[in-house]
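Visitor: Each chain, written out:
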Amino acid sequence: MNKADRGSGLFWFIFSVFISYESHKLGLGTLHQPGPGFLFFWIGIVTAILSLIVIAMSLRKRSPEDAREPAFGRRNVTKIVLVLISLFLYALFMEQVGFLIVTLLLFIFLLGVIEKKGWRFAVLLSLAVTALSYTVFEVALQSQLPKGLLEFLRF
Amino acid sequence: MIDILQNVGYGFQVAIQPLNLMYCFVGVLIGTLVGVLPGLGPAAAIALLLPTTFKVTPVSATIMLAGIYYGAMYGGSTTSILVNIPGEAASVVTCLDGYQMALKGRAGPALGIAAFGSFIAGTFAVIALTFVGPFLSNIALAFGPPEYFSLMIVGITVLTYLSSGSMIKALIMAGVGLILSGAGMDTISGKYRFTFNIQSLLDGVGVVPVAMGLFGISEVLLNLETEIKRDILAARVKNLFPTLKDWAVSIGSIIRGSILGFFLGILPGGGAVIASFASYAIEKKISKHPEEFGKGAIQGVAGPESANNAGAGSSFIPLLTLGIPANPVMAILLGALMIHGLQPGPLLMKSAPDLFWGTIVSMYIGNGMLLVLNLPLIPIWVKVLKIPYYLLYPLILLFCMIGAYSLENSVAHITMMLIFGILGFLMKKFGYEGAPMILALVLGQKLETSFRRSLIMSQGDFSIFVTRPISLGFLITAALLLIVPIITQRKKLSALKEG
Chain A
0 MNKADRGSGL FWFIFSVFIS YESHKLGLGT LHQPGPGFLF FWIGIVTAIL
50 SLIVIAMSLR KRSPEDAREP AFGRRNVTKI VLVLISLFLY ALFMEQVGFL
100 IVTLLLFIFL LGVIEKKGWR FAVLLSLAVT ALSYTVFEVA LQSQLPKGLL
150 EFLRF
Chain B
0 MIDILQNVGY GFQVAIQPLN LMYCFVGVLI GTLVGVLPGL GPAAAIALLL
50 PTTFKVTPVS ATIMLAGIYY GAMYGGSTTS ILVNIPGEAA SVVTCLDGYQ
100 MALKGRAGPA LGIAAFGSFI AGTFAVIALT FVGPFLSNIA LAFGPPEYFS
150 LMIVGITVLT YLSSGSMIKA LIMAGVGLIL SGAGMDTISG KYRFTFNIQS
200 LLDGVGVVPV AMGLFGISEV LLNLETEIKR DILAARVKNL FPTLKDWAVS
250 IGSIIRGSIL GFFLGILPGG GAVIASFASY AIEKKISKHP EEFGKGAIQG
300 VAGPESANNA GAGSSFIPLL TLGIPANPVM AILLGALMIH GLQPGPLLMK
350 SAPDLFWGTI VSMYIGNGML LVLNLPLIPI WVKVLKIPYY LLYPLILLFC
400 MIGAYSLENS VAHITMMLIF GILGFLMKKF GYEGAPMILA LVLGQKLETS
450 FRRSLIMSQG DFSIFVTRPI SLGFLITAAL LLIVPIITQR KKLSALKEG
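Taken in order, these protein sequences are the chains called A and B.
So the first sequence is numbered by numbering that gives the first Met the number 0: it starts at 0 and just counts up by one.
So the second sequence is numbered by numbering that gives the first Met the number 0: it starts at 0 and just counts up by one.
Mimicking DMTMM-like on lysine to aspartate or glutamate, the simulated pairs with C-alpha atoms at most 20 Å apart in a straight line are:
1) K54/B with E137/A
2) K78/A with E224/B
3) K385/B with E114/A
4) K116/A with E224/B
Derived from the structure by calculation, the hints contain no laboratory data.
Chain B extracted, bound-state conformation:
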């Protein structure tokens, strides 16, 4: 306990250095902006801003990139409520009741409860992260290659299980991601694989250009096809502070959302998006007036908005303690840490305590900044929303181009990004999701290394994966996730939304 307090104190020393405070502020500000802008999610934003952090220390860089993620959770609610367009995926459900509240002239309390709920949940998640992090780190120290292998399999399976489309397609995407991760030099034998004499494949397929392509470029292409229509609420937003009655109704939802979001966030493959859907479903189920949902029930805003923030906070846990990203955003963050020369995992807390504790404490500060930043700035965000798309998409494209080029000052990354942009566009057309591919691409190398090390350890005996209890537990979980949908009809996210 005293240990942890000491560490938090140390984290504060790191986080309140003026430079880090500034990066935290810039991060949450950009995050909110990204959350507000439809067509640019936190994954693409972190990917394309990563090169701008090369000149700063890894601690400042992580603080800023983390800020973008949880900042986006705040910003996303604004567009959902005012325009009925989710700024990013985790705010999709907020549209259902948030926009209805706005239509009834209650945009203010909706935005207010979303911001306060987010703040409470975000802070709860960070406090829990402070205590759970070191505990998990210690457990993870006992993990050998077989445990890591099985854990990564679970992570990939959970993500495919929770994907909104066909699970078989999601599994194909995970397979393709793994294959892509194999391109380049094999770290064990030193042989080159799948490079086909293409110079730019020698270093492998980079996570960042792929993510920019799949989440940035392809999104622009999709929007070009459909032309976004927007009706921005003209009315002035007033009474941001929810009334006592609003509080009385929503406090339970906020607490439930925080706890639910926290646990769904830790789960590999989980995260903010799933948390928000699950929270909405639960709030509707336990409500005495379920018929009010979809017509402007404040619990339908408070619950999911709290859950997505708690989920965003807790999804840092598997990344910082196990080195395993829980979702695509964390996958890109893992890539970022590795570019900065850090190896996330159980040793991170010992080898880079300034990064570990500095980042965590910066999230306390960032959550505070967001609360202050969000409510007074809402009129500005509404103005941002009025930027016409014909201006917005060339800018998004330009940022992607500059971002991809600056990774290594090479045009090859731009080409790769564009190719994956086209692929991502086609994938969405044909109902394939990008998230399992990114996660598998990031985990691929580690997965293969731990797989081969395990087999070398056991001298070719595959039973090593099932004779070690922790590994067996993980594999059983993965198997259940694969078998259950065959037996029962899998509940899809889209079904959750309706039900």
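For reference, chain A alone in the conformation it holds in the complex:
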């Protein structure tokens, strides 16, 4: 148990209290006729107590584990954040721009920018992956992926 536990415990505590508050607003009903908030009000309270225990244990015990490596290795955090941003952008533009273009761009970004595998390699491979995934999911499995900008091609 360490500092990280205090933070995460606090997070779940606030979350649970918030849920109990919201459930209370929904109406607890009576015991004969429990309302829509009844069960979640109590689950929220139990979860809040459990997260308090997590916090309490992190305060009481200062194990040597405390000195262990920090929760995040600095080096790759940028990489993870960049990958996540590219995925959110993918989701954001998928419908307007279309599956083929966003997938191609995503792969060029991941292979070329993040993994630095050389542009020729990245572009060629991205084209191959895009074509293959389109064939498998759209042509074979009929997934109805968005066409976006390429709608006019009517393929």
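Assemble the complex: chain A is given as a structure, and chain B must be docked to it using the hints.
Guide: Here is chain B on its own, set in the frame of chain A:
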């Protein structure tokens, strides 16, 4: 008895239809592949392939998705033995002795005994499932809302009890899962809950995007941080068939593993992972040469590999007969069945006998296919392992994106999956497990409905949960599981691994 034979016969008629045979084959093939690939487990694989089954019948879909699960159990051993990286969680212990055997040039017999052990155990589990299934179904017909409520509480408690980290954290996760299940429309009052005017929350929090996030995306993020290093054994794998001496030493382990795995699999909250750890512990304990374990003892491969397959097979029992998933994979399968318009539970055997018996019999066939598929294809799986991670993770991400989108052709599911991917990543960092959350999320609605129905039945009297004997029994079990760790030091899975 004759009844059951008739049903099995009927199951065969369903399972050997060419289309179903093909789906069974595709399922076990994908399963083996998923088992081989580290960083993609059966839970994520089933979740992201679910949308591809929307166009086929529920029977074919279930046959394929089930195949992925037990197929992964076979594939997982290959990577454990050859690379010392478990392809998925149920093969973690196989690394201990499997890799040591490989280092000593006995990779062949290790892979061979794992495959034969898996086949024997898998088949044993399916045969037992054939007989136990109908029996349990009949018992479950007598269950009312209080029994269901208590049973689900036991399921969630067992899973938190067996979780590898802090039990308190696991309980918090179960609570969060239940809360998530409450989002969307309340089925009894028709009121919307926890939607906060967000359009995509109106239909509730879907199990599949959450599972893809927690088990797929977050796994990729973790691997990006640590960069997997792999040393693939260069030596050619030969002599796949274990010698008579190998058989003599391991047959006992296989039988014990099968029986142990079967019972741990039925247990709600149990399943293949726990079965493999328990089997290893037992084999080491009863062995005359415990010092050989960890240095390449064949029993250390045969036992756990049999146990995880038997556990994988028997964990279908609570799902198909009670409608209660025993582990996260079954939780996703339950979600899949519900999307296909089926309600798993004691009535499933009557309302959809083709699905029930067809799936069971397909598992006999699938186990046979896996044995044939696995041994000759090992060189190909080794090649698959050589795919560099910089290629593998963009593909896993892409499949997750397509899978999430295809659920309802909506970007909202992708967003939800990504959010849970980040959450899952942080949870692993801070020592919280995803499994109790998924199980609670799937069971949540049923749990709440049965809770409220019970109280309506008893006119607000809480004693209904303790005056009915079956329900009382379940609740006592749950209470014991919660109290025991406080009194004694809970034996963690990680401790089992070392001891």
